[in-house]
Amino acid sequence: MVLELLAVGLVVSAFLAVCLDRAVYSVASLAGTLILVAILYALNDAVFAAVFQLAIGVGTLAVLFLSSEMLSEEPSVKKPLKNIFLAITAALILSIPSVLLSIGTIPTSVSSGVSFSEALWKLRAVDVVLQGLVIITVALGITIVLHEKKERKN
Amino acid sequence: MDYVILSMTLLAIGIYGLLTKRHLLKILISVELIATAASMNFVLLASSSNKALGEAFLILAFSTDTCVTGIVLALLVIASKKYGTCDIRKLAKLDQYETIEDEEKSNGKTKEDIV
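Line by line, the protein sequences give chains A and B.
Those letters in the first sequence? Residues 1 to 154, per the working numbering, in order.
Those letters in the second sequence? Residues 155 to 269, per the working numbering, in order.
I should point out that these hints are in silico values taken from the structure, not numbers from a laboratory.
Predicted model only: the values in this text are computed from it and were never measured.
Mixed in with the good hints, there may be bad ones.
Claimed, not checked - Listed next, with one range per pair, are the computed distances between beta-carbon atoms:
no., chain 1, residue 1, chain 2, residue 2, range
1, B, LYS236, A, VAL51, 37 to 43 Å
2, B, LEU173, A, LYS122, 38 to 44 Å
3, B, MET162, A, GLY59, 25 to 31 Å
4, B, THR174, A, VAL129, 36 to 42 Å
5, B, MET162, A, ASP127, 22 to 28 Å
6, A, LEU86, B, ALA246, 27 to 33 Å
7, A, MET70, B, ALA246, 18 to 24 Å
8, B, THR174, A, LEU66, 22 to 28 Å
9, B, GLY238, A, GLU4, 43 to 49 Å
10, A, VAL145, B, ASP241, 17 to 23 Å
11, B, ALA246, A, VAL47, 42 to 48 Å
12, A, ILE84, B, ASP241, 20 to 26 Å
13, B, GLY238, A, ALA55, 32 to 38 Å
As the list claims (entries may be wrong) - A few chain B residues facing chain A, derived, Cβ under 10 Å:
no., residue
14, SER161
15, THR163
16, LEU164
17, GLY168
18, HIS177
19, LEU178
20, ILE183
21, LEU187
22, ALA206
23, LEU207
24, THR220
25, LEU230
26, VAL231
27, SER234
Said to hold, decoys possible - Below are the EDC-like pairs computed for lysine to aspartate or glutamate, each with C-alpha atoms no more than 16 Å apart in a straight line:
no., chain 1, residue 1, chain 2, residue 2
28, A, LYS82, A, ASP21
29, B, LYS235, A, GLU69
30, B, LYS175, B, ASP241
31, B, LYS175, A, ASP21
Glycine residues also receive a C-beta, built at the ideal position from the N, C-alpha and C atoms.
Start from the sequences and build out the full structure, keeping to the hints where you can.
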């Protein structure tokens, strides 16, 4: 029952994140989505995934909150409250299939017995190193783009 | 409850936002939702068999997700500072003009001329 309620909450908050007019409210709704996903992971015994989801979600949301406050303008025409209720109703209808239907995936009993640290540092060691390189490259690229922009202004 | 259908619903909501919204921040939120739907599949489908490897893949998916967020936020800052708007349809019309104000000054031209 808890999982089903989580799934409904997840779909509703995700739909509101897309549909709400003001960017700050959308980001707040996205925060709800990410927190519910982390709880879903924790309830499925994926504790590491839940912790990483929360950690990265907090960073992303902090940046999104700041940028939505700084950069987005107020909507000129405010939507009536009725539209928000309509959006919630649509989201509730959208969440019905995930609660009721099943596409019949076959659960496998195969388990390699690999621990999380072994999987990350032995099986996917190259990927971990490469993802570090990718993140550093992207960070450098963003810095260069923003720096050039500043120089042109001067 | 089926997690595949749940993640497909999230994916559909993300694609809907990607196709219908014009603000760059809303587009970024839609991309976040799509990434969340994809990573949810990694973890929840792997929880039945090889759980650890699924979580390891999630960590790798997070790095790409973070890179995408960083790049789109940089674009958002540049678009907002240079052109004064984050609307992608307005930005698409701004190839001839420095800012929205320049576009509005040339009121003699029709929209087709601006495009």
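Hint by hint, here is what the structure shows:
1. Between LYS236(B) and VAL51(A) the beta carbons are some 39 Å apart, a value that agrees with the proposed interval 37 to 43 Å.
2. Roughly 41 Å separates the CB atoms of LEU173(B) and LYS122(A), a value that falls within the hinted 38 to 44 Å.
3. Checked against the given bound of 25 to 31 Å, the beta carbons of MET162(B) and GLY59(A), roughly 27 Å apart, stay inside it.
4. One distance hint, 36 to 42 Å for the beta-carbon pair THR174(B) and VAL129(A), holds here, with the actual separation near 39 Å.
5. MET162(B) and ASP127(A) have their C-beta atoms about 26 Å apart, which keeps the hinted 22 to 28 Å range intact.
6. For the pair LEU86(A) and ALA246(B), the supplied restraint of 27 to 33 Å holds, since their beta-carbon distance comes to about 30 Å.
7. At about 23 Å, the beta-carbon gap between MET70(A) and ALA246(B) stays in the expected band of 18 to 24 Å.
8. For the pair THR174(B) and LEU66(A), the supplied restraint of 22 to 28 Å holds, since their beta-carbon distance comes to about 25 Å.
9. Between GLY238(B) and GLU4(A) the CB atoms are about 46 Å apart, so this pair conforms to the stated range of 43 to 49 Å.
10. Between VAL145(A) and ASP241(B) the CB atoms are about 21 Å apart, so this pair conforms to the stated range of 17 to 23 Å.
11. A hinted range of 42 to 48 Å holds for the C-beta pair ALA246(B) and VAL47(A), which are about 45 Å apart.
12. Checked against the hint of 20 to 26 Å, the C-beta distance between ILE84(A) and ASP241(B) comes to roughly 22 Å, which is consistent with it.
13. Take GLY238(B) and ALA55(A): their Cβ atoms lie about 35 Å apart, and the range 32 to 38 Å holds.
14. Look at SER161(B): its Cβ gets to within about 8 Å of chain A, closer than 10 Å, so that hint holds up.
15. Annotation: THR163(B) was flagged as interfacial toward chain A, and the flag holds, the nearest CB pair being 5 Å apart, inside 10 Å.
16. At its closest, the beta carbon of LEU164(B) sits 6 Å from a beta carbon of chain A; the interface hint therefore holds under the 10 Å criterion.
17. At a threshold of 10 Å, the smallest CB-CB gap from GLY168(B) to chain A is about 8 Å, leaving the interface hint in force.
18. A least Cβ separation of about 7 Å between HIS177(B) and chain A falls short of the 10 Å threshold, and the interface hint therefore holds.
19. For LEU178(B), the interface hint holds, the least distance from its beta-carbon to any beta-carbon of chain A being 8 Å, beneath 10 Å.
20. Checking ILE183(B) against chain A by beta carbon gives a least distance of about 5 Å; that is within 10 Å, so the hint holds.
21. Because the closest C-beta pair between LEU187(B) and chain A is about 5 Å apart, less than 10 Å, the hint holds.
22. Hint status for ALA206(B): holds, given a least beta-carbon distance of 4 Å to chain A, under 10 Å.
23. The closest approach between the C-beta of LEU207(B) and any C-beta of chain A is roughly 5 Å, which is under the 10 Å cut-off, so the hint is satisfied.
24. The beta carbon of THR220(B) comes within 7 Å of a beta carbon in chain A, closer than 10 Å, and the hint placing it at the interface holds.
25. Taking 10 Å as the C-beta contact cut-off toward chain A, the hint placing LEU230(B) at the interface holds, the least distance being around 6 Å.
26. Proximity of VAL231(B) to chain A holds as hinted, the smallest CB-CB distance being about 7 Å (cut-off 10 Å).
27. Restraint check, SER234(B) versus chain A: the minimum CB separation of about 4 Å is within 10 Å; hint holds.
28. Under the criterion of a C-alpha separation no larger than 16 Å, the hint pairing LYS82(A) with ASP21(A) is consistent with the structure, at around 13 Å.
29. A distance of roughly 14 Å separates the Cα atoms of LYS235(B) and GLU69(A); the hinted pair therefore holds under the 16 Å criterion.
30. Restraint check for LYS175(B) and ASP241(B): satisfied, since their Cα atoms lie roughly 9 Å apart, inside the 16 Å limit.
31. About 10 Å separates the Cα atoms of LYS175(B) and ASP21(A), which keeps this hinted pair within 16 Å; it holds.
Comparing the model with each earlier hint shows no violations; every hint is respected.
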